[in-house]
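*Asks:* Sequence:
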Amino acid sequence: MRIRSLLTLTAAAAAFALPVAAAAPAAAADVAVLTTGGLGGTAVADGATINASLASGTTATLYSTATGTSGITCAASTFGATVATGGNPTAPGTATESLDTQTFGSCTSNVVGVLGVTSITVNNLGYTTTVSSDGAVAVTPASGSAIQTTVVLRTLLGSVSCVYQAAGGLAGTASNDDNSIAFSNQQFTRTSGSSLCPASGFWTAKYSPVTTGGEAVYVN
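Per this note's numbering, numbering of the sequence shown is gapless, rising by one per residue and ending at 1161.
To be clear, the hints were calculated from the coordinates, so they are not data collected in a lab. All figures in this text were calculated on a predicted structure; none of them were measured in a lab. All C-beta atoms in this analysis are idealised placements derived from N, C-alpha and C, irrespective of residue type, glycine included. Please note that a few of the clues may not be correct.
Just the calculated beta-carbon pair ranges, DEER-fashion [claimed, not checked]:
1. 1030 <-> 1156: 17 to 23 Å
2. 1100 <-> 1145: 21 to 27 Å
3. 971 <-> 1051: 47 to 53 Å
4. 1125 <-> 978: 45 to 51 Å
5. 1025 <-> 1140: 31 to 37 Å
6. 970 <-> 1060: 45 to 51 Å
7. 979 <-> 1100: 44 to 50 Å
8. 1091 <-> 1125: 18 to 24 Å
9. 1025 <-> 981: 31 to 37 Å
Make the full structure from the sequences, and use the hints.
*Replies:* Listed below in structure tokens is the structure:
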């Protein structure tokens, strides 16, 4: 009788234990740094193109000082980047892209002696761009190159061309609140050109929404 009772208790304990093991939750699926459809959504694929224009109601500015308002203002700007192969790892981590295109348009200047802005051209593309899970964005040139922009102005003395470089690269911030990437007072230095162009330029711009295939991009 004692043996039968022990066997019965053992079987009952096993019967209760088995459902507990079966109900154990499955491991959570890996989430990529860049997703669409929301946080924890679908991973942005290698080779995907990521685009953005200036956030509604904002302008891109290149002022001569970090706190001033003298310089160049552009009402339009866009960028296009390509996700590198293996460039969208599991979060937390850092996604890697190539900044392939960047444009500026509808630009004006309030610098004394400048009649207008003919063009602003971004040189030496593509730049390596990284986006980290904490929202940090970094833009760096290829080895031996520099982040460079050529500005052509119409002046009282005729057309002048000035080259600006950001030797240390650019730093920005990504936000999921409005799917944006923002840059604030990123310093450029005039490396050649007329003194009618300021010696320094501090660039500020906010791009939103950042999208791929028409869907907003989130940073996880």
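*Asks:* Determine whether the Cβ-Cβ distance between residue 1125 and residue 978 falls within the hinted range of 45 to 51 Å.
*Replies:* 29 Å, violated
*Asks:* Should the hint that residue 1025 and residue 1140 are 31 to 37 Å apart at their CB atoms be regarded as holding?
*Replies:* 35 Å, holds
*Asks:* In this structure, is the beta-carbon distance linking residue 1100 and residue 1145 contained in 21 to 27 Å?
*Replies:* Holds: the Cβ-Cβ distance is about 26 Å, inside 21 to 27 Å.
*Asks:* Just tell me: holds or violated, for the beta carbon distance of residue 1091 and residue 1125 against 18 to 24 Å?
*Replies:* 23 Å, holds
*Asks:* Indicate whether the distance between the beta carbons of residue 979 and residue 1100 respects the range 44 to 50 Å.
*Replies:* 49 Å, holds
*Asks:* Taking the Cβ atom of residue 971 and the Cβ atom of residue 1051, is their distance within the range 47 to 53 Å?
*Replies:* 50 Å, holds
*Asks:* Take a look at whether the Cβ-Cβ distance between residue 1030 and residue 1156 falls inside 17 to 23 Å.
*Replies:* Holds - the Cβ-Cβ distance for residue 1030 and residue 1156, about 20 Å, lies within 17 to 23 Å.
*Asks:* With respect to the beta-carbon atoms only, verify the hint that residue 1025 and residue 981 lie 31 to 37 Å apart.
*Replies:* 22 Å, violated
*Asks:* Could you say whether the range 45 to 51 Å given as a hint is met by the Cβ separation of residue 970 and residue 1060?
*Replies:* Holds, since residue 970 and residue 1060 (Cβ atoms, about 47 Å apart) stay within the stated range.
When each numbered hint is compared with the structure, violations occur for hints 4, 9.
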